[in-house]
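Engineer: What follows is each chain in one-letter form.
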Amino acid sequence: QKEVEQDPGPLSVPEGAIVSLNCTYSNSAFQYFMWYRQYSRKGPELLMYTYSSGNKEDGRFTAQVDKSSKYISLFIRDSQPSDSATYLCAMTGGSNYKLTFGKGTLLTVNP
Amino acid sequence: EAEVAQSPRYKITEKSQAVAFWCDPISGRATLYWYRQILGQGPELLVRFQDESVVDDSQLPKDRFSAERLKGVDSTLKIQPAELGDSAMYLCASSNEPRGEQFFGPGTRLTVL
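Chains as they are written, first to last, in this note's numbering: chain P, 1407 to 1517; chain R, 55 to 167.
Same shape as in the complex, but just chain P (with noise of 0.2 Å):
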C-alpha cells in the first residue's frame, strides 16, 4: 500500500460546481497536510496549509483533515474554468521532514 493514496480522476464538472477533491494515508506520523494546484507544464503551487485535524478556509478553497480516519479533502466552492489543473495533495510528519505526494488529480471545469 502507498503512503498516500489519491484518485487520479479525470474530473470533469460544470462552472459553478462544488469540486471534492480527496486524499487517504497510511502514515499516522502525519501531521502537516497541504494541496498544491499544478497547471499544465507549471511548478505545483501550494493552495493551502494545515496542520493535524480541522478545516480552514480560504476563499473558495476549504481544506479538511480528518486524522481519525486517515482522510484528507479539498473543496472548490463555485469553480471556474481557471481552477483547470492538477491537485496534488502532501503530507508530512515524523522526524524526516520528508514531504510524500499524492499521484494528483486532473480537474477540468466547463464553462
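One thing to keep in mind: the hints can contain errors.
Under 7 Å between C-beta atoms, here's a sample of chain R residues computed to sit facing chain P [what the hints assert, rightly or not]:
1) 83
2) 95
3) 96
4) 145
5) 159
6) 160
Over 12 Å on every C-beta distance to chain R, these chain P residues come out as not near it, computed from the model [what the hints assert, rightly or not]:
7) 1451
8) 1461
9) 1505
Quick caveat, the hints were computed from the structure, so don't treat them as lab data. We treat Cβ as the ideally placed atom computed from N, Cα and C, and that holds for glycine.
Once you've looked at the hints, dock chain R against the given chain P.
Structural biologist: Below, chain R alone, put in the same frame as chain P:
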C-alpha cells in the same frame, strides 16, 4: 511571492550524455529541495539541503546523480550519464525551515532520447 528560478526550462539530450539543471531559490530561504516528477505522478524528493549541507539524499541515485549548493544559495543538479528513464520534470523548491511551506519553481522538463 517571488518565484524560485530554474533553468533551462526544457532540455533534450541523448542517453549517455551529461546534463545539468540550475536553481535559484527565494532569497533567504535556507532549505532547498530537488524533486523528480514523472508524467502522471506526484513529485518525489531526490535531495534536501539545509544551507550548503545535504541533509537527505536517500532517494538520489548516486551512481549517476549529484547535487551541490556550494554557497548555500543557488544549487545545481547533475546527471551523468543520462538514461532513457530519467525523462521527467525536475523541480526545485525552497522553504524557510525544514517543515515549512515549500514554494516550487517552474521546473526543467528533461527528455532523454
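Engineer: Hint by hint, note whether the structure agrees.
Structural biologist: Each hint tested on the structure:
no.: 1; hint: 83; in the structure: violated (13 Å)
no.: 2; hint: 95; in the structure: holds (6 Å)
no.: 3; hint: 96; in the structure: holds (3 Å)
no.: 4; hint: 145; in the structure: holds (6 Å)
no.: 5; hint: 159; in the structure: holds (5 Å)
no.: 6; hint: 160; in the structure: holds (5 Å)
no.: 7; hint: 1451; in the structure: violated (7 Å)
no.: 8; hint: 1461; in the structure: holds (18 Å)
no.: 9; hint: 1505; in the structure: violated (6 Å)
Hints 1, 7 and 9 from the earlier list are contradicted by this structure; the remaining hints agree with it.
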